[in-house]
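*Asks:* Okay, here's what each chain looks like letter by letter:
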Amino acid sequence: MTRFLFIFCTVLGSLFAIEMLKPVQEAVIQPFTGFLAALSTALILPFDDTVIAQGRILRDAATGFAVSIEAGCNGVEAAIVLIAGILAFPASLRHKLVAILAGFFFVQALNVVRIISLFYLGQWNYTVFEWFHLYLWPVLIMLDVLIVFAIYLQWLGKHHTQPEPDSC
Amino acid sequence: MLIRRQFVLTLALMPITFGIWYAADALFAGPAVWLCDLLLSSLYPDIVQGAGLQGANMLLTTQFGETNGQILPAREAGNQIALEINTRLVSYSVAFYAALLTASNLQESITKFCIGLFWLTGIMAFGLASIAGKDLLLMVGTPFLSAPGVPPADLLAVTYQFNVLLMPTLAPICIWLWQLRGSPLWQTLEADIKRASAQR
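Which chain is which? The protein sequence lines are W and G, in order.
Last residue of the first sequence: 168 in the working numbering, with the numbers rising by one and none dropped.
Last residue of the second sequence: 1200 in the working numbering, with the numbers rising by one and none dropped.
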């Protein structure tokens, strides 16, 4: 437990510090945030052709309403928590890599749902938008991280208890 | 099964706990504002005069003023810059924690909630101080950064990111997990952990 906490806190602090570095922001975080905006637009477009992506901004051409995906909205912080948890828990490197990739995918999948939902909530009612943006979605994303980590632990356990297939 | 029940119940309880938290207004943030006032006005008396509650907002009065767009010490400017900080940006952690704890149906849950609230109050105070640091950096700029004892801008940014964007959701989970020890849900989790770590 102590070992887990020590590695978790160290990895968490290190990844946070790395994420805040200017070169990392310019080369990784900002392009990734732009990609999230473009992906959200691509998912909305078949149903709503008035939406356009401009860098990190998602805009409705008809109403002029726009949301900008900023730090804290790109799901990177939640992914960092998950990565720290996975790296701190004893498992083989292959299992850790699979878990990080799958976990990152699940966190970002929910984050895209968050971005799209906020885009429409903001056009409908600003108070509801603020509630979901500031209070509810951060909790749901962190709950997602916890669920993914719990599934990872169960997956690791099942992997262990499954009998090895007979070799011919 | 217990883990699934925990997550489903947490989601189901969230509208109730968030409703109570919102209705309680500044009740949960009050002690954190007091702690933040104590912390900032004693550590940075040249920057912060004091902080108090105004509805759900924390009103932080600074020792800076403004004249013709120029930031000056309050005495020279003849006015004081005050910051309004939304305490709900950090206090929603209480609603999340309450949902997690209630869903677990633990013994002595009221006592556990009070202990959790105590820790969350400290974390909320740091969150409010981090928002104040970020706002002062953006509003006051150089006069704030050049004041004695103020950390560099990069450290203020990391602190804000950590204390405001991460801790309100991460801290309730950590406290809840700590208080879960010994419960049937913890035993299920422990069994999963043992099986998982045995495969290494």
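Honestly, the hints are just simulated from the structure, not real lab data.
Source: prediction; values computed, not measured.
Note that CB positions come from ideal geometry on N, CA and C, so glycine has one too.
Among the hints, a few may not be true.
As the list claims (entries may be wrong) - Between beta-carbon pairs, the in silico distance windows are:
| hint | chain 1 | residue 1 | chain 2 | residue 2 | range |
| --- | --- | --- | --- | --- | --- |
| 1 | W | 48 | G | 1187 | 28 to 38 Å |
| 2 | G | 1105 | W | 93 | 31 to 41 Å |
| 3 | G | 1027 | W | 128 | 17 to 27 Å |
| 4 | W | 93 | G | 1190 | 43 to 53 Å |
| 5 | G | 1073 | W | 90 | 21 to 31 Å |
| 6 | G | 1108 | W | 45 | 32 to 42 Å |
Unchecked claim - With a straight-line Cα cutoff of 20 Å, these simulated SDA-like cross-link-like pairs (lysine to any residue) come out:
| hint | chain 1 | residue 1 | chain 2 | residue 2 |
| --- | --- | --- | --- | --- |
| 7 | W | 22 | G | 1123 |
| 8 | W | 158 | W | 93 |
| 9 | W | 22 | G | 1161 |
| 10 | G | 1134 | G | 1152 |
| 11 | W | 96 | W | 155 |
| 12 | W | 158 | G | 1161 |
| 13 | G | 1134 | W | 117 |
| 14 | W | 96 | G | 1071 |
| 15 | G | 1194 | W | 155 |
| 16 | W | 22 | G | 1191 |
| 17 | W | 158 | G | 1195 |
| 18 | W | 158 | G | 1079 |
| 19 | W | 158 | G | 1191 |
| 20 | G | 1194 | W | 5 |
| 21 | G | 1194 | W | 151 |
| 22 | G | 1134 | G | 1119 |
| 23 | G | 1194 | G | 1002 |
| 24 | G | 1134 | W | 151 |
| 25 | W | 158 | G | 1154 |
| 26 | G | 1134 | W | 158 |
| 27 | W | 158 | G | 1003 |
| 28 | W | 22 | G | 1189 |
| 29 | W | 96 | G | 1189 |
| 30 | W | 96 | G | 1148 |
| 31 | G | 1194 | W | 16 |
| 32 | G | 1134 | G | 1117 |
| 33 | G | 1134 | W | 5 |
| 34 | W | 158 | G | 1192 |
| 35 | W | 22 | G | 1004 |
| 36 | G | 1134 | W | 39 |
| 37 | W | 158 | G | 1114 |
| 38 | G | 1194 | W | 70 |
| 39 | G | 1194 | W | 25 |
*Asks:* Determine for every hint whether it applies to the structure shown.
*Replies:* Evaluation of the provided hints:
Hint check: residue 48/W to residue 1187/G, Cβ distance near 48 Å, so the stated range 28 to 38 Å is violated. Taken as a hint, the range 31 to 41 Å holds for the pair residue 1105/G and residue 93/W, whose Cβ atoms sit roughly 38 Å apart. Range check, residue 1027/G to residue 128/W: about 23 Å between beta-carbon atoms, so the 17 to 27 Å window is met. Take residue 93/W and residue 1190/G: their Cβ atoms lie about 25 Å apart, and the range 43 to 53 Å is violated.
Range check, residue 1073/G to residue 90/W: about 56 Å between beta-carbon atoms, so the 21 to 31 Å window is missed. Between residue 1108/G and residue 45/W the beta carbons are some 53 Å apart, a value that contradicts the proposed interval 32 to 42 Å. At roughly 27 Å between alpha-carbon atoms, residue 22/W and residue 1123/G are farther apart than 20 Å, so this suggested pair is violated. The suggested pairing of residue 158/W with residue 93/W holds, with an alpha-carbon distance near 17 Å, which does not exceed 20 Å.
Using a Cα cut-off of 20 Å, the hinted pair residue 22/W and residue 1161/G holds, with the two alpha carbons roughly 15 Å apart. For the hint linking residue 1134/G to residue 1152/G, the alpha-carbon distance of about 11 Å falls within 20 Å, and the restraint holds. Restraint check for residue 96/W and residue 155/W: satisfied, since their Cα atoms lie roughly 12 Å apart, inside the 20 Å limit. Distance check on the hinted pair: residue 158/W and residue 1161/G sit about 36 Å apart at the alpha-carbon level, beyond 20 Å; violated.
Between residue 1134/G and residue 117/W the CA atoms are separated by roughly 28 Å; this puts the pair beyond 20 Å, and the hint is violated. Proposed proximity of residue 96/W and residue 1071/G is contradicted: the alpha carbons are some 51 Å apart, above 20 Å. Straight-line distance between C-alpha atoms of residue 1194/G and residue 155/W comes to about 12 Å, which keeps the hinted pair within the 20 Å bound. Among the hinted pairs, residue 22/W with residue 1191/G is inconsistent with the structure: their alpha-carbon atoms are about 43 Å apart, more than 20 Å.
Restraint check for residue 158/W and residue 1195/G: the C-alpha separation of about 8 Å stays at or below 20 Å, so the hint holds. As the CA atoms of residue 158/W and residue 1079/G are separated by approximately 66 Å, the hinted pair breaks the 20 Å bound. A distance of roughly 12 Å separates the Cα atoms of residue 158/W and residue 1191/G; the hinted pair therefore holds under the 20 Å criterion. Between residue 1194/G and residue 5/W, the direct Cα distance comes to roughly 16 Å. Compliance with the 20 Å bound is thereby established for this hinted pair.
For the given pair, residue 1194/G sits about 14 Å from residue 151/W by alpha-carbon distance, which is consistent with the 20 Å threshold. Between residue 1134/G and residue 1119/G, the direct Cα distance comes to roughly 23 Å. Violation of the 20 Å bound is thereby established for this hinted pair. Restraint check: the Cα-Cα separation between residue 1194/G and residue 1002/G comes to about 17 Å, which is no more than 20 Å; the hinted pair holds. For the hint pairing residue 1134/G with residue 151/W, the CA-to-CA distance comes to about 37 Å; that exceeds 20 Å, so the pair is violated.
In summary, the hint linking residue 158/W to residue 1154/G is not supported, as the alpha carbons are separated by about 44 Å, beyond the 20 Å threshold. For the given pair, residue 1134/G sits about 46 Å from residue 158/W by alpha-carbon distance, which is inconsistent with the 20 Å threshold. Between residue 158/W and residue 1003/G the alpha-carbon distance is near 16 Å, which keeps this suggested pair within the 20 Å criterion. Restraint check for residue 22/W and residue 1189/G: not satisfied, since their Cα atoms lie roughly 39 Å apart, outside the 20 Å limit.
Annotation: proposed proximity of residue 96/W to residue 1189/G holds, straight-line Cα distance about 19 Å (limit 20 Å). For the hint pairing residue 96/W with residue 1148/G, the CA-to-CA distance comes to about 45 Å; that exceeds 20 Å, so the pair is violated. Distance hint between residue 1194/G and residue 16/W is unfulfilled; the C-alpha atoms sit about 29 Å from each other, more than 20 Å. Between residue 1134/G and residue 1117/G the alpha-carbon distance is near 25 Å, which puts this suggested pair outside the 20 Å criterion.
For the given pair, residue 1134/G sits about 29 Å from residue 5/W by alpha-carbon distance, which is inconsistent with the 20 Å threshold. Taken as a hint, the residue 158/W and residue 1192/G pair is honoured in the structure, with Cα atoms around 9 Å apart against an allowance of 20 Å. About 41 Å separates the Cα atoms of residue 22/W and residue 1004/G, which puts this hinted pair outside 20 Å; it is violated. Pair hint residue 1134/G plus residue 39/W does not hold up; C-alpha atoms about 31 Å apart against a cutoff of 20 Å.
Under the criterion of a C-alpha separation no larger than 20 Å, the hint pairing residue 158/W with residue 1114/G is inconsistent with the structure, at around 37 Å. For the suggested pair residue 1194/G and residue 70/W, the alpha carbons sit about 39 Å apart, so the restraint of at most 20 Å is broken. Pair hint residue 1194/G plus residue 25/W does not hold up; C-alpha atoms about 38 Å apart against a cutoff of 20 Å.
This entry does not satisfy hints 1, 4, 5, 6, 7, 12, 13, 14, 16, 18, 22, 24, 25, 26, 28, 30, 31, 32, 33, 35, 36, 37, 38, 39, going by the numbered hints stated previously.
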